[in-house]
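Since each chain comes alone in its own frame, lean on the hints to assemble the complex.
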Amino acid sequence: AQSVTQPDIHITVSEGASLELRCNYSYGATPYLFWYVQSPGQGLQLLLKYFSGDTLVQGIKGFEAEFKRSQSSFNLRKPSVHWSDAAEYFCAVGAEIYNFNKFYFGSGTKLNVKP
Amino acid sequence: DAGVTQSPTHLIKTRGQHVTLRCSPISGHKSVSWYQQVLGQGPQFIFQYYEKEERGRGNFPDRFSARQFPNYSSELNVNALLLGDSALYLCASTRKGPEAFFGQGTRLTVV
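So the sequence lines, in the order shown, correspond to chains A and B.
Counting from 1, one number per residue, gives the positions in the first sequence under the numbering used here.
Counting from 1001, one number per residue, gives the positions in the second sequence under the numbering used here.
Okay, chain B solo, but in the shape it has when bound (with noise of 0.2 Å):
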């Protein structure tokens, strides 16, 4: 089975853009979180997604956004970037309990 994936790998922005960040769980599991890691920190939670319903939200403005579609895949919206949005973006899916599986990351770059 394929693990989580994630799309893009890496990408750069310009300050007051938007980005969008993709993420497909491994087969079979419901539940879609997103995670920020600054570098040098460890990851901090920004959603968690469930049954595409959000299921609890982190310390982060409303320029950031999520939704989970009927395939369970899981698209992370941030708008209006900031350079401090730069940052390695995890994807975690979770069948049922907490233990999550991670993808390997999207790194964004805001210049």
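So that you can see chain A by itself, here it is in the shape it has in the complex (with noise of 0.2 Å):
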């Protein structure tokens, strides 16, 4: 069954610092892999997302994830948090067969940024 994975419920970083969010997935075929960013009371932002090809991929405001196959992961890093990152993080596995699509999100990573 596919599941995604998210082992850190919340994670707080000196604002500078770097981050690294955590994601593992269960899924049967080759995924696609997307981490989206939800501020308080609002909706779903698309950070980066991975189809195929370079496994290091790059998406807005700095951050950046690397799919490994290997260990089923799909990790978000930043080399330098700002303030305004701190949000919830959400790693998702997309499937999409005929038109057929459906997201499994994990259950999400709350960041705190330190001043």
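These are computed hints drawn from the structure, not numbers from a lab.
It should be emphasised that the depicted structure is a prediction, and the values quoted were computed from it without experimental measurement.
Among the clues, some could well be false.
To be verified - Okay, the calculated bits of chain B under chain A, using three or more residues with CB under 8 Å as the criterion: (1) 1011-1019; (2) 1027-1035; (3) 1073-1087.
Said to hold, decoys possible - Here are some, though not all, of the chain A residues that point toward chain B, as calculated from beta-carbon distances under 10 Å: (4) I11; (5) V13; (6) S14; (7) Y25; (8) F34; (9) Q38; (10) G41; (11) L46; (12) F63; (13) W83; (14) F90; (15) A92; (16) A95; (17) K102; (18) F105; (19) G108.
Unchecked claim - Pairs of lysine-lysine residues, derived as BS3-like cross-links and limited to a Cα-Cα distance of at most 25 Å, are as follows: (20) B:K1030 with A:K49; (21) A:K49 with A:K61; (22) B:K1013 with A:K49; (23) B:K1096 with B:K1052; (24) B:K1052 with B:K1030; (25) A:K114 with A:K68.
C-beta atoms are modelled at their ideal positions from N, C-alpha and C, and glycine is treated no differently.
Okay, structure coming up:
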């Protein structure tokens, strides 16, 4: 069965420090992988996506993620966190078959940024 | 171009009532999906519609139903509301492939 695990519920980092948010997935085929960010009371904004090709993908706001098939992971990284990055981050696996698409989301990691 | 728009943004309903949530996809997108996000959890898939046909349904009771109109907008209907239906309901539109664009959501509170 498809699933996404985000093992860290809360993470606190200092402004300017590096960040890594973990994501592990279970999926039977080659996955489509996504990271979304959600501010309180808001919808989901796409940070980056992986469909195929280069396993290191760049996204918006200085984020990047690396797909590691052998570890079934798609961790999100940022070299220097800004206070405005405080939000909740969701990893998702997408499936698309004959115009039917469905996302499986992790439970999210809430990021706090210390000044 | 406008993004995915959802209405209303917030609403409060009483247990047992019915609610209708609306979604307009991005222009040119023919697929709309609905997700429920309960506080503290990730979104859960409810429905997907493509070209006005239901393409997929998640593990939700029959109290949940949806439809898509010729202009590709969509409605999500929930009957006999329960307290546990309180959540953020997200609509996503897709043009082709697995990439989805999400709206800001409708916050439903059932009291």
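Now the hints, each set against the structure:
1. Only residues whose C-beta sits within less than 8 Å of a C-beta in chain A count toward coverage, and the segment 1011-1019 of chain B has 0 of them, not enough to reach three; the restraint is violated.
2. Three residues within the 8 Å Cβ limit are the bar, and the segment 1027-1035 of chain B against chain A gives 3, so the coverage statement holds.
3. Coverage of the segment 1073-1087 of chain B by chain A is violated [criterion: at least 3 residues with CB-CB distance below 8 Å; count 0].
4. For I11 of chain A, the suggested interface contact is broken, since its CB lies about 16 Å from the closest CB of chain B, more than 10 Å.
5. Proximity of V13 of chain A to chain B is violated relative to the hint, the smallest CB-CB distance being about 21 Å (cut-off 10 Å).
6. Hint on S14 of chain A is violated. Least Cβ distance to chain B is approximately 25 Å, over the 10 Å limit.
7. Annotation: Y25 of chain A was flagged as interfacial toward chain B, and the flag is violated, the nearest CB pair being 12 Å apart, outside 10 Å.
8. Using the Cβ-Cβ criterion of 10 Å, the hint placing F34 of chain A at the interface with chain B is satisfied: the shortest such distance is roughly 8 Å.
9. Checking Q38 of chain A against chain B by beta carbon gives a least distance of about 9 Å; that is within 10 Å, so the hint holds.
10. Taken as an interface hint, G41 of chain A checks out: its beta carbon lies about 7 Å from the nearest beta carbon of chain B, inside 10 Å.
11. A least Cβ separation of about 7 Å between L46 of chain A and chain B falls short of the 10 Å threshold, and the interface hint therefore holds.
12. Look at F63 of chain A: its Cβ only gets to about 17 Å from chain B, farther than 10 Å, so that hint breaks.
13. Proximity of W83 of chain A to chain B is violated relative to the hint, the smallest CB-CB distance being about 22 Å (cut-off 10 Å).
14. Against a cut-off of 10 Å between C-beta atoms, the interface hint on F90 of chain A holds, since the closest Cβ of chain B lies about 5 Å away.
15. About 8 Å separates the beta-carbon of A92 of chain A from the nearest beta-carbon of chain B, less than 10 Å, and the hint is met.
16. Interface hint status for A95 of chain A: upheld, as the beta-carbon distance to the closest one in chain B is roughly 7 Å, under 10 Å.
17. Using the Cβ-Cβ criterion of 10 Å, the hint placing K102 of chain A at the interface with chain B is satisfied: the shortest such distance is roughly 5 Å.
18. Contact between F105 of chain A and chain B, as hinted, is supported at the beta carbon level, the nearest pair being about 3 Å apart and thus within 10 Å.
19. Residue-level restraint check for G108 of chain A holds (minimum Cβ-Cβ distance to chain B is 5 Å; threshold 10 Å).
20. The straight-line distance between the Cα atoms of K1030 of chain B and K49 of chain A is roughly 21 Å, inside the 25 Å bound, and the hint therefore holds.
21. For the hint linking K49 of chain A to K61 of chain A, the alpha-carbon distance of about 14 Å falls within 25 Å, and the restraint holds.
22. Taken as a hint, the K1013 of chain B and K49 of chain A pair is broken in the structure, with Cα atoms around 37 Å apart against an allowance of 25 Å.
23. Between the alpha carbons of K1096 of chain B and K1052 of chain B the distance comes to roughly 15 Å, so the proposed pair stays at or under 25 Å and holds.
24. With a C-alpha separation of about 8 Å, the suggested pairing of K1052 of chain B with K1030 of chain B holds against the 25 Å cut-off.
25. A threshold of 25 Å between alpha carbons decides the hint, and for K114 of chain A with K68 of chain A the separation of about 30 Å lies outside it, so the pair is violated.
Of the numbered hints given earlier, the model fails hints 1, 3, 4, 5, 6, 7, 12, 13, 22 and 25; all others are met.
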